[in-house]
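Chains as they are written, first to last, in the working numbering: chain D, 1 to 259; chain S, 1001 to 1510.
Take the hints with a grain of salt, since some may be wrong.
The calculated lysine-lysine pairs, modelled on DSS-like cross-linking and capped at a C-alpha distance of 27 Å, are [claimed, not checked]:
#1 LYS1037/S x LYS235/D
#2 LYS193/D x LYS1248/S
#3 LYS96/D x LYS1105/S
#4 LYS77/D x LYS1126/S
#5 LYS1105/S x LYS243/D
#6 LYS212/D x LYS1248/S
#7 LYS1161/S x LYS227/D
#8 LYS208/D x LYS1126/S
#9 LYS1414/S x LYS1135/S
#10 LYS1403/S x LYS1414/S
#11 LYS1010/S x LYS152/D
#12 LYS1037/S x LYS152/D
#13 LYS1154/S x LYS227/D
#14 LYS1010/S x LYS135/D
#15 LYS96/D x LYS1037/S
#16 LYS135/D x LYS1154/S
#17 LYS243/D x LYS1135/S
#18 LYS135/D x LYS1057/S
#19 LYS1126/S x LYS70/D
#20 LYS1154/S x LYS208/D
#21 LYS1057/S x LYS208/D
#22 LYS243/D x LYS1126/S
#23 LYS1057/S x LYS77/D
#24 LYS1064/S x LYS135/D
Listed next, the stretches of chain D that the computed footprint assigns to chain S, with coverage defined by at least 3 CB atoms under 8 Å from CB atoms of chain S [said to hold, decoys possible]:
#25 125-134
#26 178-191
By construction, these hints were calculated from the structure, which means they are not laboratory data. The beta-carbon is built from N, C-alpha and C at its ideal position, and this holds for glycine as well.
Residue strings, one per chain:
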Amino acid sequence: MHSTEIHTYLHRFFTENDCEILHGNEHYLTVQLTIDMDKRIMNRPFYWRYIESVNEIPNPAQLTLITDMKQLQNGMKGEVIHLGSPRLHQLFQVTKEMGQFVKLYERVGANNEQQILTPWVGVNYKVSFTSHQTKEILYSIGINLMTGAVVKEFQETIGMRDLSDQSSEQVFHLPFIITPVRALDRLDAVITKVIEGEDLTWVEEAEKRWRKDQAVLDYFYEGQEPKPECYEMEKRAMEERFKPRITVDVVNGGLFYLK
Amino acid sequence: MLIERSSSWKEGFIQRLENHEPWNNSVLYSMSYDITKNNLITDFTGLQSLAYLPNVKPLPHQIKAAERVIEQMNGKAILADEVGLGKTIEAGLIIKEYLLRGLVKKVLILVPASLVNQWVEELYTKFHIPALLYKKNYALDYVDVVVMSMDTAKRSPHKEKIFAQDYDLIIVDEAHKLKNHQTISYEFVQSLKKKFCLLLTATPIQNDTFELFYLVTLLKQGHLGNYEEFSSVFSAKNRDEERDSYLKELVSQVMVRNRRQDTGVEWSTRKVHTVPITFTDYERQAYTAVSNLKEISPVFSDAFSTMTLQREMCSSPEATIGTLMKLLPECKQVEEITHVEKVIEQLEKLSIHSKAKKATELILQANDKVIIFTEYRMTQLYLSDYLYANGISNVIFNGKLSKSSREWIKHLFKQQAQVLIATESGAEGINLQFCHHVINYDLPWNPMKLEQRIGRVHRLGQEHDVQIYNLAVKETIDDHVMKVLQGKIETFEQVVGELDDILEMKERSV
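With the rest of the complex left out, here is chain D:
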């Protein structure tokens, strides 16, 4: 992410969270936090407990976030934000927490006759392949709750549609044939299939390295019975280091009514 992308992100993040941008340009912005956002990111629970217990007027903080370090030379004060700065990382985390679940409807033109919208469940999965190294793949999969049809790159397809969290009038929502809970189980099976189709040579590579190190260790303690504690410990460390694991995390997902 370049500094301009980060700037755009910050601007959108605070606007969407009802925090007023007091002033700024393309290099920085000063933002008035809401009470809720202050509690989330300013890390001062004692202040808030005090204010609330004595019924004081709360005074949520203002933040100046600078995305172009050169501004500091002009004497500007504030936090420098770049990819890797703890603050940005924290905001990413908040974004993730606040954008986990949605229910959205596709907008339809008002004049036409009655429109029919089909329910879908869409889920974004982050799959991590981990041994002594890591790799991640993002899969966005949707399932049609009427037909059970599965679509890949679901997020990309809905990104092009006009969606709203309110249903338009004069719209008929088809009922589920597959319940969302069943749909999630189906998606789990789909993602398992997809993973199995991925290149799994990394698993062999990790296991090869693991076997090699284990052989060296066994040789070192050859003939010693019972094996000492440090043998067991190194063996455990080796398992943690090399054991291939696959983890599936849900980034977010939702229920979508689409044309």
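Based on these hints, arrange chain S on the given structure of chain D.
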């Protein structure tokens, strides 16, 4: 293969379907997806961390070292770059990469007490890693990255607190201090679980190959076989080239060692001068008198104390007198006592020392900032007085100084004083690139100490050629020290690789 998944998202989703909680904002939903996509680790190899570190511009050799440790050495390595090439940067890159990839959560960094602050600061300013500087009574449960002095960490109750945590990455700075496997520090590090582990030292061999054996064994048990095999195959007596290169190959599998010329950076060169010194007749007499003490009293009969006295005599009469005074109460018989007192008197009469005179000449000739290293505190004081008497401004630096005094002295040296007189313990970890003359007033037994001394000035940022003067008194113990140093340097080069010049080598084997 087993696929791990968490059900928490599913539960949250079902709750909302049943109208128990409100749905989220659709813009934040898309933003979250975009962020995840942007920050995805798309490849097993390569350093993702570079994009996250606008405040450091790692040099190519540092990036290569970090990649090699992670990709080929499975995160277990001795980082043995020559002094001043930025081992800390390499370690920082590796920590950051592992944290980003989620392979490491908790990191324990063990360093000499004098370097604790420097580590915390560098991790924060260069790598945006908030590390805790451990003090007594701190709880470790919620701290991910902690920097501790080794001396604290190895003692109770601190070590128990460490054992109660589950660290994924252990880092030991100045790891040559673990060369002796019978020390508490060694045992302590041995007893830690090492999922990933970095040992940092510019000088993995100080005296003999066994130190390297123990260091490698600490990192990876069995990599060099067991002790019996190792000593039978690689002992100094039956050396041959084939075995040496085999050992070198094995060692290189767990060790990264960049040399100055590998870095692609234009380095100034070292000019090493051996400066022979001839004792005056009086000095020679005193030296002989000190050497003969072993025949007078059993207190001086062991080889070690004679050698110490001789070495001190080659440094300054003051250092010798200090030791004699300490040993005097142990002499029982009257003749012994009077004899020793006579020798002390003889020493006190030596007002000028030839070595100090030579050093003064060198300083005047340099007409620039100079660092003098000595092994002895008494010599340090003597020299300071002597130089002042000759109109040369100087400051003293040793291990007893607090952190703030160290900074202050360093500042004084940079701004005002011409000469810094330092002992080894004082000089650890300080960077003095603004100076390029080093006088080794007396020589340590260990070549790596010399390397560390020179490394104070010959590091990234040095613009001049570094002039090194090794002072040695002719026909004394100094000759012997020189010979031992040469032997040790050869051992190092056979097993680890070449060293930059420390001594003026007369017969360098090609």
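Earlier hints that do not hold, by number: As far as the earlier hints go, 1, 2, 8, 9, 16, 17, 20, 21 and 22 are violated by this structure, in ascending order.
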